[in-house]
Amino acid sequence: MSEMIAVSDLKKHFMLHRHRPGFIGAIRNLITRERRVIRAVDGVSFTIEQGEFVGYLGPNGAGKSTTIKMLTGLLVPTSGGLQVNGRVPWRERQKHVREIGAVFGQRTTLWWDLPVIDSLELLMHIYHIPADRFRQNLQEFRGLLELDPFLSTPVRALSLGERMRADLCAALLHDPTLIFLDEPTIGLDVVAKERIRQFIRHINIHHGTTILLTTHDISDVEKLCNRVMIIDRGHLLYDGALEKLHERFGGKRQLIVDFGETYGEVHVDGAHVTERVGTRVTYHFERGTVTASELIGRLSNRFRIRDLEVREPDIEDTIRRIYEEQLLARE
Amino acid sequence: MRSAFLTYFRLIAADVRAQLGYPVSFLFETTGAGLILSMFFISLALVFQRFESIAGWTLGEVAFLYGLIEMAFGAMDMIFSGFDPQFFGGNVRRGGFDKLLLRPQGLTLQVLGSSFVIRRLGRIFQGIVIFVIALSMVELSWTPVKILYLPIVFISLICFFGGLFIMGSTITFWTVESIEAINILTYGGSEMMSYPMHIYQDWMRRFFTFIVPAIFLNYYPALYFLDKPALQDLPSIAPFLSPIAGFGILFLALRFWRFGIRHYQSTGT
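From first to last, the protein sequence lines stand for chains E and C.
For the first sequence, the working numbering assigns the number 13 to the initial residue and increments by one for each residue that follows.
For the second sequence, the working numbering assigns the number 51 to the initial residue and increments by one for each residue that follows.
FYI, nobody ran anything at the bench for these hints, they're computed from the structure.
All C-beta atoms in this analysis are idealised placements derived from N, C-alpha and C, irrespective of residue type, glycine included.
Do not take every clue at face value.
[Said to hold, decoys possible] Derived coverage of chain C by chain E (criterion: at least 3 residues anywhere in the stretch with Cβ under 8 Å from a Cβ of chain E; other residues may be distant):
(1) 57–63
(2) 236–250
[What the hints assert, rightly or not] Pairs of lysine-lysine, PhoX-like flavour, derived with a Cα cap of 25 Å:
(3) E/Lys107 with E/Lys23
(4) C/Lys149 with E/Lys107
(5) E/Lys235 with E/Lys264
(6) C/Lys149 with E/Lys23
(7) E/Lys235 with E/Lys205
(8) C/Lys278 with C/Lys196
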């Protein structure tokens, strides 16, 4: 495996001019301009190997899209090292973009008033895709994405899900080695989301395409990514496997027990009761201090249990706590 | 190079196809644009009916200049549609420029290929009609040099107006609120250039000579084509400087455009 993306101490600072309101303010603006520096990305380092599927998470304004813009060559960094495919993106823009693909859920790269197939053929010429390669890829993608029913429909008449599928196809026709997916499932229903996830997974596995996915939908990340990076206020808070998040941030596991009869005192060592409704009791316990089977053993010695369920900590919950408490920043 | 041109023509063909998807709107807008400008010219003709000549220029002579500028501006407005500051500024705000940056083609080529507004044919056609009327009204003594030089002036005018469009679009990288001001420069500029420049005040003529060298593209060449006596007060080279003014402005505009792109890539929007 070789390095696809290498980022070291990457920074992007914007100079923001504050406009004072009102007439007097406008005149004062002319004389002295109040400046503020926005550190959108402030010293981020990571590497991504070829073939990896990485989720990039962060709240709005965390620096996600600024990072993506630098990686795709749209923005020039303020400082720091940045190489994609061994190139500095903005320095060799055309060569760089020839080898990457990008899908932005909020807007399309297709021609609004043209049938989908016309847009795809234009892209063939723009990217100089050999005709047989184009045919092969189109054949594969139209099957997987079920494009046939709307290939000759103008893009403006497509549903959001259809447009998304068409855009995914468009971003992959030139065999990019790396693709950036920004909110590819935003606004889609469950079925459409699942179809798109399956396709993305297929591309990652069968084409070996490296994928960097930014999303608000944690289930996208849970289902697809083997690695996740979390950014907030320009700093990388976490970089690693999704499951490890809980170990590090102490997400509480849950044991929900349905007792055979109503007991007075149901306390058990190693866990504490957080909820009690009729015969159903919810315990919270911490990974590492006690296992689920130990707890179940202790409980079944004393009580009659009708049913039980172990729940893993909620990822979304954990991530929200990371943002709120800036857990890693304090480390 | 050849493949770049091919890509450009494919992009334009796609945009034209998209416009023809709305045939009624195309028809109305084309004829509408032509009609408005014709009305304007007709009202000018009515003024001339009373005064016969204005500042030594007959209706035919003014029509010659007016038609020439209309044709050139219309052609530019079509070819440089992608650089129309109004269109380009909106495009930048909607992230359309990022889309172009993500494609492996030159940016100037892509912007030119992003729009080719065929309803401008209305204005071009109207310009041709006025120009032909002018030729029938004026006794023009054609020489081989004049026949050769006319297309050069025409192309220089397209370059000049195109340069103004490119500069205007580049400014929208910094601020989109300035579009109105930019429009005054481009549309207002073409309007002013439709009339013989000696009717304007001195400071204005100086502005159009030394700051924006428009006078070399309309007034001086027109004096030459029409054999106006005012030509004798000028250096004999003056009417022939249109290519330098036209291509010069376009060249400067493209330099500014490069600079604007670099600014955009360091600040985003």
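Structure-based check of each hint:
| no. | hint | in the structure |
| --- | --- | --- |
| 1 | 57–63 | holds (count 3) |
| 2 | 236–250 | violated (count 0) |
| 3 | E/Lys107 with E/Lys23 | holds, 23 Å |
| 4 | C/Lys149 with E/Lys107 | holds, 15 Å |
| 5 | E/Lys235 with E/Lys264 | holds, 21 Å |
| 6 | C/Lys149 with E/Lys23 | holds, 23 Å |
| 7 | E/Lys235 with E/Lys205 | holds, 11 Å |
| 8 | C/Lys278 with C/Lys196 | holds, 14 Å |
Going down the numbered hints, you'll see the structure goes against just number 2.
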